[in-house]
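Student: Spelled out, the chains give:
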Amino acid sequence: MMHRQAVIVGGGPAGLAAALRLREKGVQDILVLEREQLLGGILRQCIHDGFGLTRFGESLSGPEYAQRFIDRVKAANLECLTDCTVLDITPEKVVTAASRAKGLLQIQADAVLLTMGCRERTRGALATPGTRPAGVYTAGVAQNYINLQNIMVGHEVVILGSGDIGLIMARRMTLEGAHVKGVYEVQPYPSGLPRNIEQCLNDYGIPLHLSHTVVDIRGRERLTSVVVAQCDERFRPIPGTEEEIPCDTLILSVGLIPENELSLAAGVELDARTRGAFVDEHCQTQVPGIFAAGNVLHVHDLVDFVSLEAEALADSAAEYILKGSLPACCLEVRAGQNVGHVIPQRISGTRSFTLSLRVRQPLTDVSVVVRQGDREVLRKKMRKALPAEMIQLPIRAEKLTDSADMEVYVE
Amino acid sequence: MRDYDIIIIGGGVVGSAIARELTRYQLRVGVLEKESDVCTHTSGRNTGMLHAGFLYKTGSLKAQCCVEGNREFDQVARELDVPFKRTGKLIVGFTEEHRQRLLTMLERGKANGVPGMELIDRKRMDEIDPSAGGNFAIFCPSSGILDPFTYTVALAENAVKNGAAYHLYTEVTGSEYLPDGRHVLHTTKGDFTCRWVVNSAGLNSAKISEMLGIPGYVIQPVKGEYFVLDKKAGAFAKIPVYPAPTERNTFDTHATPTVDGNVLVGPNSFNVEDGEDYSVRQTGMDGLQESGARMFKHMKREYYIRTFAGARPKRVDPATGEIQDFLIERRDEVPGVINLVGIESPGLTSALPIARRVVKLLQEKETLTPNPAFDPIRRGVPRFHEASCEEQARLIAENPDYGEIICRCETITRAEIVAAIHNPLGVCTVNGIKVRTRASMGRCQGGYCETRITALIREELGKAVTDMRLGNGESTMFTGYVKGGEQA
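Chains as they are written, first to last, in my numbering: chain A, 1 to 411; chain B, 1001 to 1488.
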């Protein structure tokens, strides 16, 4: 069996950023395993710009953003195996992977970094009624066909869900000559970023219908139409509001799910709210030496934050690898009023860390409050807080106590 | 004009079983299938149960064929390399009324020749499956679960290996007798001639029967909707658990593990006019969510990966609407025709016994010469995810395509997909690859692998993007290239 100090599962933005930082911190023996032929992860198909504003202070396309990391990984001579899919991870950190070139690999790792990203929620998960014709695609699949394979998937398009990839695809397909008839979102507010609503829908005159959903899909061979309806506050279609819209393509942008099947195999416990691992301030799961960051931990809004989170992970993982352990994290971090989830879920109370959270619904003129018992650790006023935007708050060690759980709420 | 000794109309599980059994003899066998593949209707849209045979009237063809098909299936699964588990089944009851119905069922099962059925108490139930509800149950050890796609494909491939020919996208539109007594079948792919025709047209069997000169049968399609649950839910379902039968001797919603480790919740059951309309309804899904949760406590939204519907072609009495037995007939006044009408559940279990009855009807009219080259064995492509670590290492060493995982959720390799693309029936749809390999049947539903599978089909078969089909008919996947994209 091979041995590596660190095995990184996934060579996307999180994995590459973590690999580089681990090396900077003095970890020599690093292996990145990537299932695709090329590094870069999902960024490869994200040819629009807007990446890197936080990380690099300039607007890059997805492939350009990825290439900055790939170039540095190459320069640092980091060992990356592409075309190599991880099949299993054990709690003892034995990683099994399949590769054309290397066969079946088994690697004993000192630390495993989970950076597998996320996958799209499907029609099956929604249980949308209707037939199963060709022409129903998730936004990411359509994006792959159009941007990586140059294949056009349809002409008359309806988009269900206002996730960012769906919005990006509304613009992309319009530029390719398709007619995007509208975006239908079941919630009373958009799930994508305001800048994408502006630049991808409003700039092209594509209507956004909030509190609407698709209630029927029609056509036996290729899609012929969908039926949309208005929804009540509990997301149930309101009878009598149905409207049939002829179309040949339905694009689904209805949410992302962290891809944690390997994590489960490794015995990692998941948080039902994030659908990612429970982690402490070191991005360590409750299995010692197994760490997680990026979209596999919780779905981010911007790739810049994925890179930053992975770098923070690598700082801790390097410490774990070089020293053999990390300070215990016994304090719980709880999501309180108006807060959907928090990362991390456990802290030591002795170190600085970055707190990530999302609000449950759009709020205006609020304060995010971080407390430990009677002690107010941080209070941040926000004019606007949207579920689409991840909120990140640096928490400084000197504000903390190591004797009380933490609660995060928005008032 | 293509000529065969015998033509089978319909390439479902029964038609394919008939084709396979007929190739045991020196006959030129042709199968006409109107769709893109062999299991796109009833044969591929069901619970995948190997039924035991306790539900059907004693002495009926349904009872006889089912018990016979059940008894031999271990050998059949071995011969044809079909995933199959003889799990047994629990039919559970709560009340005294349930107990009476279960005892009636037990007696009928015994009369039909179903082996080993017994009424068991809660203590025994706990030993078999503690998660099953109910106060007592019938345990039927001979029930099992199988993969209906692989079974149908395997029968068809074995038939082809032994000389049968499949014609896909070939819908029969008319039939006439030639002066020499042979048939000419008009189809969407031209004319075919033959001495014998077997009607195995499932949902369309009454229509084809009339076309062949035997009018008067009525098929009532009975539709059922299902949820498919993630394999994570499958960890909680070891054995099919059914509720006690209703007064009408049918089963309400139940949860059935599949042989691949998923769980099916359903079916509900309602009459429809158009048996080939497989749309699922919101009301149907709502009902299954509610009734499914009663039978299976892990019926959770996070486990939903797909819904589907199927339809059983029930032959009904035109006057009373009462459901009839399987019909397998040959009439002297309609020469050269073997007519199968109303082959519904338990048709999957009964396919080979039905096929042997067809052969017998043929033998009443002519002496068949055994085919000395007949080989009952069909081997599927080795499945990477079922192999041990040592076998996986060996598979990759022998064929590097085994080292490239295309479908992440089901761990299906490039080697398996390429083999499926070059399948003996010449099926080239994305769904055809799916049912042969399980690629895209997992929780991401092709979100990762579909783009790779379509690329592989194009690469292996040299198909234009506009010729790519998802499944039946004109299920066109792509409209062309992006601007200037043809050159890239």
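Calculated from the structure, these hints are not laboratory results. Heads up, the beta-carbon is just placed ideally off N, CA and C, and yes, glycines get one too. One should not assume that every hint holds.
[As the list claims (entries may be wrong)] Some chain B residues flagged as far from chain A (calculated, every beta-carbon gap over 10 Å):
id	residue
1	S1060
2	L1106
3	D1129
4	F1251
5	I1305
6	R1306
7	T1369
8	R1408
9	A1419
10	N1472
11	M1477
12	K1483
[What the hints assert, rightly or not] Under the rule of at most 30 Å between Cα atoms (straight-line distance), these lysine-lysine pairs were calculated in the DSSO-like manner:
id	chain 1	residue 1	chain 2	residue 2
13	B	K1232	B	K1161
14	A	K93	B	K1483
15	B	K1300	B	K1231
16	A	K181	B	K1483
17	A	K25	A	K381
18	B	K1300	B	K1161
19	B	K1365	A	K93
20	B	K1483	B	K1463
21	B	K1463	B	K1161
Student: Tell me if the straight-line CA distance from K181 (chain A) to K1483 (chain B) falls inside 30 Å.
Tutor: 20 Å, holds
Student: Please confirm whether A1419 (chain B) is truly not at the interface, meaning its C-beta sits more than 10 Å away from all C-beta atoms of chain A.
Tutor: 16 Å, holds
Student: Is F1251 (chain B) truly not at the interface, in the sense that its beta carbon sits beyond 10 Å from all beta carbons of chain A?
Tutor: Per Cβ check, F1251 (chain B) is outside 10 Å of chain A; nearest 22 Å; holds.
Student: Just checking, N1472 (chain B) versus chain A, shortest CB gap more than 10 Å?
Tutor: Nearest chain A Cβ is 6 Å from N1472 (chain B), so the label is violated.
Student: Taken at face value, is the distance from the CA of K1483 (chain B) to the CA of K93 (chain A) at most 30 Å?
Tutor: 47 Å, violated
Student: Against chain A, does I1305 (chain B) keep a CB gap of more than 10 Å to every residue?
Tutor: 5 Å, violated
Student: Taking the shortest Cβ-to-Cβ distance between R1408 (chain B) and chain A, state whether it exceeds 10 Å.
Tutor: Its Cβ does come within 10 Å of chain A, the nearest being 7 Å, so this is violated.
Student: Straight-line Cα separation of K1463 (chain B) and K1161 (chain B) no greater than 30 Å?
Tutor: With Cα atoms ~26 Å apart, K1463 (chain B) and K1161 (chain B) stay inside 30 Å; holds.
Student: The output says K1483 (chain B) does not contact chain A. Does that hold with a beta carbon cutoff of 10 Å?
Tutor: Non-interface label fails for K1483 (chain B): nearest chain A Cβ at 6 Å, not farther than 10 Å.
Student: Given the hint that K1365 (chain B) pairs with K93 (chain A), does the C-alpha gap stay at or below 30 Å?
Tutor: Distance of about 69 Å is beyond 30 Å: violated.
Student: With 10 Å as the threshold, tell me whether L1106 (chain B) passes as away from chain A on beta-carbon distances.
Tutor: 37 Å, holds
Student: Just double-check T1369 (chain B) for me: nearest Cβ-Cβ distance to chain A has to come out over 10 Å.
Tutor: The claim holds: T1369 (chain B) sits with its nearest Cβ about 43 Å from chain A, beyond 10 Å.
In summary, the structure is inconsistent with hints 5, 6, 8, 10, 11, 12, 13, 14, 17, 18 and 19 from the numbered list given earlier, while agreeing with the others.
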